[in-house]
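Between the sequences and the hints, there should be enough to build the whole structure, so can you do that?
Here are the chains, one letter per residue:
There are 4 protein chains.
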Amino acid sequence: MDDEKYFKNLTNRERAIFEGGISMGALYHQFVGTPINLDTCDSLEKAIEESILLQPAIIDVDVKLDKSMIKQACGSAGYTSLEGNMLNIEITTKVEDIAVVTCISYNEELQYPLMYIKE
Amino acid sequence: MDDEKYFKNLTNRERAIFEGGISMGALYHQFVGTPINLDTCDSLEKAIEESILLQPAIIDVDVKLDKSMIKQACGSAGYTSLEGNMLNIEITTKVEDIAVVTCISYNEELQYPLMYIKE
Amino acid sequence: MDDEKYFKNLTNRERAIFEGGISMGALYHQFVGTPINLDTCDSLEKAIEESILLQPAIIDVDVKLDKSMIKQACGSAGYTSLEGNMLNIEITTKVEDIAVVTCISYNEELQYPLMYIKE
Amino acid sequence: MDDEKYFKNLTNRERAIFEGGISMGALYHQFVGTPINLDTCDSLEKAIEESILLQPAIIDVDVKLDKSMIKQACGSAGYTSLEGNMLNIEITTKVEDIAVVTCISYNEELQYPLMYIKE
Numbered sequence: 003m004d005d006e007k008y009f010k011n012l013t014n015r016e017r018a019i020f021e022g023g024i025s026m027g028a029l030y031h032q033f034v035g036t037p038i039n040l041d042t043c044d045s046l047e048k049a050i051e052e053s054i055l056l057q058p059a060i061i062d063v064d065v066k067l068d069k070s071m072i073k074q075a076c077g078s079a080g081y082t083s084l085e086g087n088m089l090n091i092e093i094t095t096k097v098e099d100i101a102v103v104t105c106i107s108y109n110e111e112l113q114y115p116l117m118y119i120k121e
Numbered sequence: 003m004d005d006e007k008y009f010k011n012l013t014n015r016e017r018a019i020f021e022g023g024i025s026m027g028a029l030y031h032q033f034v035g036t037p038i039n040l041d042t043c044d045s046l047e048k049a050i051e052e053s054i055l056l057q058p059a060i061i062d063v064d065v066k067l068d069k070s071m072i073k074q075a076c077g078s079a080g081y082t083s084l085e086g087n088m089l090n091i092e093i094t095t096k097v098e099d100i101a102v103v104t105c106i107s108y109n110e111e112l113q114y115p116l117m118y119i120k121e
Numbered sequence: 003m004d005d006e007k008y009f010k011n012l013t014n015r016e017r018a019i020f021e022g023g024i025s026m027g028a029l030y031h032q033f034v035g036t037p038i039n040l041d042t043c044d045s046l047e048k049a050i051e052e053s054i055l056l057q058p059a060i061i062d063v064d065v066k067l068d069k070s071m072i073k074q075a076c077g078s079a080g081y082t083s084l085e086g087n088m089l090n091i092e093i094t095t096k097v098e099d100i101a102v103v104t105c106i107s108y109n110e111e112l113q114y115p116l117m118y119i120k121e
Numbered sequence: 003m004d005d006e007k008y009f010k011n012l013t014n015r016e017r018a019i020f021e022g023g024i025s026m027g028a029l030y031h032q033f034v035g036t037p038i039n040l041d042t043c044d045s046l047e048k049a050i051e052e053s054i055l056l057q058p059a060i061i062d063v064d065v066k067l068d069k070s071m072i073k074q075a076c077g078s079a080g081y082t083s084l085e086g087n088m089l090n091i092e093i094t095t096k097v098e099d100i101a102v103v104t105c106i107s108y109n110e111e112l113q114y115p116l117m118y119i120k121e
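Chains as they are written, first to last, in this note's numbering: chain A, 3 to 121; chain B, 3 to 121; chain C, 3 to 121; chain D, 3 to 121.
Everything labelled a hint here was simulated from the structure, so no lab data went into it.
Please note: incorrect hints may appear among the correct ones.
Since the list can't tell identical chains apart, any single copy or any two copies may satisfy a pair.
In silico lysine-lysine, BS3-like type, Cα no more than 27 Å apart, as pairs [to be verified]:
#, residue 1, residue 2
1, LYS10, LYS69
2, LYS48, LYS7
3, LYS96, LYS7
4, LYS10, LYS73
5, LYS69, LYS96
6, LYS66, LYS10
7, LYS10, LYS48
8, LYS73, LYS96
9, LYS48, LYS73
10, LYS120, LYS48
11, LYS7, LYS73
12, LYS66, LYS7
13, LYS96, LYS66
14, LYS120, LYS96
15, LYS66, LYS120
Here the structure is a predicted model, which is why all the values come from computation and not from measurement.
In structure tokens form, the structure reads like this:
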């Protein structure tokens, strides 16, 4: 990356965490609101994965939208808007030899979608 | 559609124009900003098409992102953010027997992406 | 407007309906997902109104976010994401002497936020 | 915060960096695309600041949109769409006694808007 010198104040792990956070915040606010139903999950999952893979330090993106929530939310209109609660996503960032997995999933206890770093 | 009674004050053509406008405004503001390069155009085009096809009265969506603009905008980062200028889209709406084609494309004269109804 | 010639195939009323649809679709997909609680409704309502007023043919925008829905949705996190259900908005478009009011509000019968033209 | 136990695998500094990254990615992809001109910068800056302040660990948000870029981009339409290049933003996150400042600004050398941690 040409931008390396701008990150000298971060350890490799800190940078991996930073880039994971950016990309998770990015995809949440880019794609929440997209019209969706069960038939279109595949194409949206793929578009999210491919677009987020372009961002710095990302080496893997795995997107699983919650089909049962989506099915339930599709009322008389036959489709719904993608919500944060429906996101199950893991983004792997790697900076030199340090890899970090940033996740979002709906947290039953907190009752909202939590973004966190996997152990 | 269950919502028919709410549109009694519109002719079929007016409703087709209304729904075309809604969906064009929707997709512009939903997807502008998405990270993109030449390798990810296909998956984003498909996701836009499938998601917008879900909306009321839409019977066809054809999305062609401007590859030469995208290529040019991809600088040292290897990708760019999708901009309105890059959109070439036709949405066909149909209400009973009346079909209308709503378009967006970059207008050289006006120097911005124009949304309009095709003759 | 410099773009008048591109709309010769529309009546003034059709164009007013088209621009109302575009702007309603636009604001829905631009702002749904924004972090919000009761304290920030005012600034978000104002930003939506001012930004949408810039779009073609718009002469008035009135945004009222549903405070009771927002309050209820703010759980342990103290805030929520703006959803389509929370929007009560009227956009007035005018083309020459013809004005049209485009609305969105949550429709109890349909159980989703309906976009429609006011009588 | 009730969610503290989910972040035991991060130092305070790592969590402050993570939350700063999330919020910077979030606001970029939430607000890029918003219609804007010089008259509406104030209301959009305020709405961005107030909404992002709601997110976890954020104690300060300072948004300065680039007025000269915005002015230049407003062509015959009298307004433009907010682009990443126009963002000058600092987000301060604090976790216990550790504060971190996450920034975005257009980087002349890289020719794109860079997100980074301030020294």
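Hints versus structure:
{"no.": "1", "hint": "LYS10 / LYS69", "in the structure": "neither (42 Å within a copy, 30 Å between copies)"}
{"no.": "2", "hint": "LYS48 / LYS7", "in the structure": "neither (32 Å within a copy, 32 Å between copies)"}
{"no.": "3", "hint": "LYS96 / LYS7", "in the structure": "both (17 Å within a copy, 25 Å between copies)"}
{"no.": "4", "hint": "LYS10 / LYS73", "in the structure": "neither (46 Å within a copy, 30 Å between copies)"}
{"no.": "5", "hint": "LYS69 / LYS96", "in the structure": "neither (30 Å within a copy, 29 Å between copies)"}
{"no.": "6", "hint": "LYS66 / LYS10", "in the structure": "between (34 Å within a copy, 25 Å between copies)"}
{"no.": "7", "hint": "LYS10 / LYS48", "in the structure": "neither (33 Å within a copy, 32 Å between copies)"}
{"no.": "8", "hint": "LYS73 / LYS96", "in the structure": "between (35 Å within a copy, 26 Å between copies)"}
{"no.": "9", "hint": "LYS48 / LYS73", "in the structure": "both (19 Å within a copy, 21 Å between copies)"}
{"no.": "10", "hint": "LYS120 / LYS48", "in the structure": "within (22 Å within a copy, 31 Å between copies)"}
{"no.": "11", "hint": "LYS7 / LYS73", "in the structure": "between (47 Å within a copy, 26 Å between copies)"}
{"no.": "12", "hint": "LYS66 / LYS7", "in the structure": "between (35 Å within a copy, 25 Å between copies)"}
{"no.": "13", "hint": "LYS96 / LYS66", "in the structure": "within (21 Å within a copy, 31 Å between copies)"}
{"no.": "14", "hint": "LYS120 / LYS96", "in the structure": "both (14 Å within a copy, 21 Å between copies)"}
{"no.": "15", "hint": "LYS66 / LYS120", "in the structure": "within (16 Å within a copy, 34 Å between copies)"}
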